[in-house]
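Knowing the structure of chain A, use the given hints to seat chains B, C and D on it.
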Amino acid sequence: MLVLVASSIGWYALFCLLGGTLGGIYQLDWPMPFGPALFAVDPLSALFLFPLFLVSGCVALYSLSYWPAAERSDSARLTLFVGVFTAAMVLVLLVRNGVLFLMAWELMALAAYFLLTTEQHNREAQKAGTIYLLATHSGTMALFALFSLLHRVTGSFLLPAPHSLSTSVTLEAVILVTALIGFGGKAGLMPLHFWLPGAHANAPSHVSAMMSGLMLKMGVYGILRTVLLFVDLPGWFGWLLLVLGGWSALNGIALAAGQRDLKRLLACSSIENIGIIFIGIGMALVGLQTGAQVLFICGFFGAFLHIVNHGLFKSVLFLGSGVVLHSSGTREMDRMGGLAKRMPVTAALFLVASLAICGLPPLNGFVGELFLYLGALYDGIASPLPVLALVAPLLALVGGMAAITFVKAYGTIFLGTARSTVAEHRHAADGPMVGPMLLLAVCCLAIGLAPLLLVRMVAPVVRFYSGADVNLADLGGLQIPLMPLTALNLLLLALIVVLAVCYRLRLHGLPKAASATWGCAYQAPSPRIQYTGTSFSEMMVNLVGYVAAPQRLKPVLAGFFPARTATFSYRPVELLLDRVLTPLFSWIGLAFSYMRRLQHGQLHIYVLYVFATLFVLMIWAH
Amino acid sequence: MNSLADQLLVLVMLINLIMLGSSRLIFSIRAVAAQGVILGILPGLIHPFSLHLTGITASVILAKGIIIPYLISDAVHKAHIRREVEPFIGYVPTLFLGAVFTALAFVFAEKLPLAPEHKELLFVPASIATLLTGFLILTTRRKAISQVIGYLVLENGIFVFGLLLTEAMPFMVEAGALLDLLVGIFVMGIVINQISQEFSSLDTSRLRALKEE
Amino acid sequence: MLYALVLIPLVGALLAWVIPDNRTRPLVLPVIALAHLVLTLLLLWHAPPPSANGWIWLDPLGKLVLLCISVLFSICAFYAVGYLAYRQERSNRVLCMGLLVCLAAMGLVTVSQHLGLLWVALETTTVAMAPLIYFNKNARSIEATWKYLLICSVGIALALLGLLFLAYSTYVAQRDATLLLSSLMATARGLNQGWLHAAVIFLLVGYGSKMGLAPLHTWKPDAYGEAPGMVGAMLAGGLVNCAFLAILRVYQVCLASGSSELLFFQRALVGMGLLSMAFAAVFMAKQADFKRMLAYSSVEHVGILAIGLGLGKGALFGALFHLLNNGLTKGVLFLASGNIHRSYGAKTTDIVKGAMTRLPWSGGLFMAGFIAITGSPPFAPFISEYTIVSSAFAEGDYLVAGAFLLFLAIVFIGMALTVLPMVMGTPSDTTPPTGYRDSVLMVGPPLVTMLIILVLGVWPPAALLGLLKEGVALLGVQP
Amino acid sequence: MIDIIIHCTVALLLPPLLLGVITKTKAAFAGRIGAPLLQSYYDIFKLFRKGSVFSTTTTWVFRAGPLVTLAATVTAALLVPLGRHNAPLSFDGDMVLFAYLFGLGRFFTTAAALDTGSSFEGMGAAREVTFSCLAEPTLFIALITLARMSGSLRLSTILTYPSPGLWLATGASMLLLVAALFIILLAENCRIPFDDPTTHLELTMIHEVMVLDHSGPAFGVILYSAALKLLVLGAVFVNVALPVSTGDSLEDWGLFVVAMLALAVGIGVVESVMARLRLLRIPQLLVGATILSAFGMLLVLR
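Protein chains in written order, with our numbering: chain A, 10 to 631; chain B, 2 to 214; chain C, 473 to 951; chain D, -13 to 288.
Isolated chain A (complex conformation):
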């Protein structure tokens, strides 16, 4: 509840800032030897604050009925950490002191850890939490290095002013790489994404919404903030971001397509969306470096819009998954089905968000991607070697796979009939939880229909980077089609409405009948005969087997009537985690256990250590 109040205060503040000059600075004399505690709002932080307040407010509302304090004993802890988490994220966006930034950052990471391990007795959640904590803390070590290096360059712990930092090529490279490791890991950029699916899948759903919709963005924010500091960036950095972004987008969605766990699927799709955001940032940086203004503008607009958009629709999806979880009692999609009949509102909202995440018009996902396409296409016609143009087919492929993923998710969960008795018998209704989801979904639609609203909000941020005003109407011969887009989207909606009315009128006068689904003459259909989500995506998963690499256990069937115990199982494998990191860790553990024999318990050898040290030091001193 408090979070709600806080977020409304935050909203108020944000509106004040947006109305004002967007340059609030607040300074506090911190007794630590790291300089004053400086807080400031600039367009970049405002961009992130907008979805942050919106989503956290909605999440707070949602949690009132999702995790009712009366029924769940751990709700006090949960609420506390939700508050800490939100506050820490706000702090991350506001502080301009490196050390304070680290503090806020780690506070956020830790709060997220406690949130996601709320379900104390869930072994899987604990394991995911551990992996998350290890990953995030290791990333923080990189950030230690990053801010120390910045301190070395500037001599102050305060973050330098935008576009003011210039240093040697090597140091610059090191700073950027540490930032990429630290922030990229938090953002879930491949190959540092391994913690993400488990973490998002096992957290309570509204927490997943915040983690995916907001916390990942903090990593993006970090990269953007770092990039902003430099006078000029090395050319390779933009390309690196572009390649990593493309790689994440493609593999993220491939991973998502192969999942059977709804929340894992959503988590993997977050990797994809982060990839898309990084494609945008990479494109913009390449544009900045080569002086191609269109690329720069399109890239940044695309990335920034997608940051906000992803925050919105991914939250709806995660919140929706929470409702689904409540009613079906399982996260496994292949056991669900037919929920749309019992919770029509949730189903509709989930559908809107699914369409948005696939980047389909007339929703907001399309707007961000459109900018990226425009950038790529412009590169295709304008640049002598249009490598960036390849972004367009890549995005198309990613979009196609996203469609597979979300048709699968939506279809298996909400459509058809219930596949298992578990899913059938649970109490299910839309409930008050759909309120916040509705608000977010309406935002998605509004942005999709009138992208100009959001573009206006994002424009100051792009200006912040370029230093000059942005005229979207004419960018070196390219016009950003915002108004035509609105018109066409409205046309599309109007067409749909007209058709629907016509159809309804038409149906009215015609005979209607209801019967079972045509089973191709099969006489005894059962719910289990339905196509499962796994089968739905199998064809694609096989094509991208190198990432998704599912493990299939096929039973050996013997005799005419094989035993009932022989079941087929399918488990998607996390390539990096299961095949690389886990073996690596156990190998290191083995190596360490050999080294641990140094502590063998024999006192006289310990004394020998003492004297050996003495001798070594003597010899060294000589």
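Think of the hints as simulated: they come from the structure by calculation, not from any bench. Treat each hint with caution, since some may be false.
Simulated crosslink set (DSBU-like; lysine-lysine; CA at most 30 Å straight-line) [claimed, not checked]: (1) D:36 <-> A:521; (2) C:758 <-> C:825; (3) B:212 <-> C:758; (4) D:36 <-> A:350; (5) B:79 <-> C:609; (6) C:535 <-> C:785; (7) C:825 <-> B:212.
Just so it is clear, the structure is predicted and the values come from calculations on it, not from any experiment.
Using the frame of chain A, we list chains B, C and D on its own:
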């Protein structure tokens, strides 16, 4: 006087070697006691007479020559052991190592500049050699008692060096050091008693429960 | 007034010896502790001038260590009342006396300006601690005590030889041996280099083994693992800091003697510090015994202290601050781990699971302590560790800084893999319940400490920062 | 203005005829007389008068599927130039919207298929999304290549740019692009060799199996949308493959209609002489098309 001091120091070093080679516990304790007595006599030989000096001589002889050996042999009696030093390495190799260390001590002492009046004396090599002997005993012997003896020898080595400074050092510090040593040995004695009760043996190689697997 | 620092605890020890009743005896501890704390705060507020011969004086470094010890002891004292109420089956006379004697000796360490006196006091703490480690009186604790006693004694003996070398170096140079810090520092430039060099090495090894720098740390896991929680806290937060103070004194002498000696000492410190962190990292991975894990964590943090000191410059602030932070955080961890140990009757992670469910307070405190000690904000150790790292970067010691961060990460991973299943997770049904329940006396003290650590990490009082700055100034850097 | 009216008229009225032409061609190959050319119109009209059967498992998504698909296809039809005439609506980057509108339609078609809970329809939907996902990049590479030649990002400019002169200048590249586009055309419209709309075995179908449960007006809408899609994508192909212009607007319209009919005959011929590919081969062919178009792009860059 100085030649006498040197002879005594040679004696100290010989005792070192004897201890390395001896297999009997009680004998080792007596050897340490003898070493302690010599250490008590030594300051009187190199420094002019003073009250301070008498005090030191008396207390060192008392502590190192009488009380501590008594404490240890008491522990030995209580634990019902007479013999067997039980080294990890055989006596001959230990002796050989002891000889090598003594030689090394001389080399080491050569490297360090001494005050003019100490130039002729064997204090530094004797000190280092005794220190190293103590270390050898500590690392090669199996019995807890032997390790205490090793520690004592080590302390003696340090004390030999301290003799060079007896005059310069304040009495309080010396006394404190001695007292600490005394209490330390006393506590060690108690612990040894407990060990022998708990394990019915003083073999420290049995004290190996606390380790990393 | 300075003498009272030593006398009050000794009076307390006497009282503890006299009081016959096992139940009322522990009450002496908090009384003395409070008196000591008040005295300490008074002394911090207004330090008396040096004693006539210059032997006794409370300088900023001493103040810092004294503060840490006094606070830690107060906390342990209150905790001890609760703890000993659970351990009525055996006499606590020796324990109470030992703690108080130890406090007296540690107080003496902090006020000694004479290195010889400091050595004597330090040796006293070593001896006084031995019976405390042996409190449980079983095979394992006797083994631990024996190892502790022997290695620390050997180490402290080597330190004595180092002191003699140091004195001899003054003797060779000016025919007048002295171990008084002020005169040593005044004449340090003229000291004989060879002897000084040897002295520094012996002192480093000697005090290093007392402090627990790898590879001289071998006694630590055994002693920490077998001692009761509060004794572990005093070992890790008190004894270590006393030994570190001794090393600081050596550092001061090196600093005064000129660059070459200082450089060597600093390098040796950094080398041993990194080695300690590496050892800790290796040994903490898959550590099943959480008390031993804490011991290795102590090795790690001793390494951090050494590195901070070795790096000098800006890192000195971090090192001094870390001294305080590490002491207090270790206190919390040991006390909480003691509670968990009591409650489960075991200290291995195969039995201890889900402490947060079974003991919400102790489990939570252990978790918070873990987060703090691994250098996570908003707790104070983050500030000190980060200061050290950033100053390493600022000085261009990229290798040291990189290794430091790497080891921190490995340590975190290793520690997390032990702590998380132990604190979070589900308690197994097979663990038999014990009589232990979280009580105010056993949870309150560590909770207060945790709050102090939090405050220190977010908004430390200006007076403390001033003290730290004075300390740093003594070590050669003008902030 | 006249062009826009003609555009709308052609786009709305011509599509079913194309289906008729294809059927007629196939019948001719098979030596039959075949259904009348206007059979598709009859079918659609008849369906609009028929009653509907709805499966009890379905929800509103099932009903919305055909309608949204039609709306999206009609909108897309407004974006693509037919023949040498600019499209009614045109702006920079309209090709992205063009492609995504089809995506929207596909999302709803497949969702409607899943709504029935039939395993066959699920199967068809899975194939549909997978194949179109693979086809999409090809379309974009081809469009980028054409955009680079014409220097514009508007479909109207891009697709009216090709000329016989361009063919002469960059013949090889154009040939590759046309081949790629033809493959896309067949794949997107579910024609042989990708899909056989007339087969009788549900297991092997893609598009037809998805709409098994639709009936009455909804099925009519589906048939019509499919035909419209054929026209729209066919127009893209024809604009690139047969870039002939007479200079007169009305004659050009005539030319376009003739070209579309010719294309329909061509499709009919392909369907008659080829067998359907094995389902597992289809991705390979689609990837092959991507490579073709990429190669075409490389040739243009050179």
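Worksheet entry | Unmet hints by their number, sorted upward, for this structure | none
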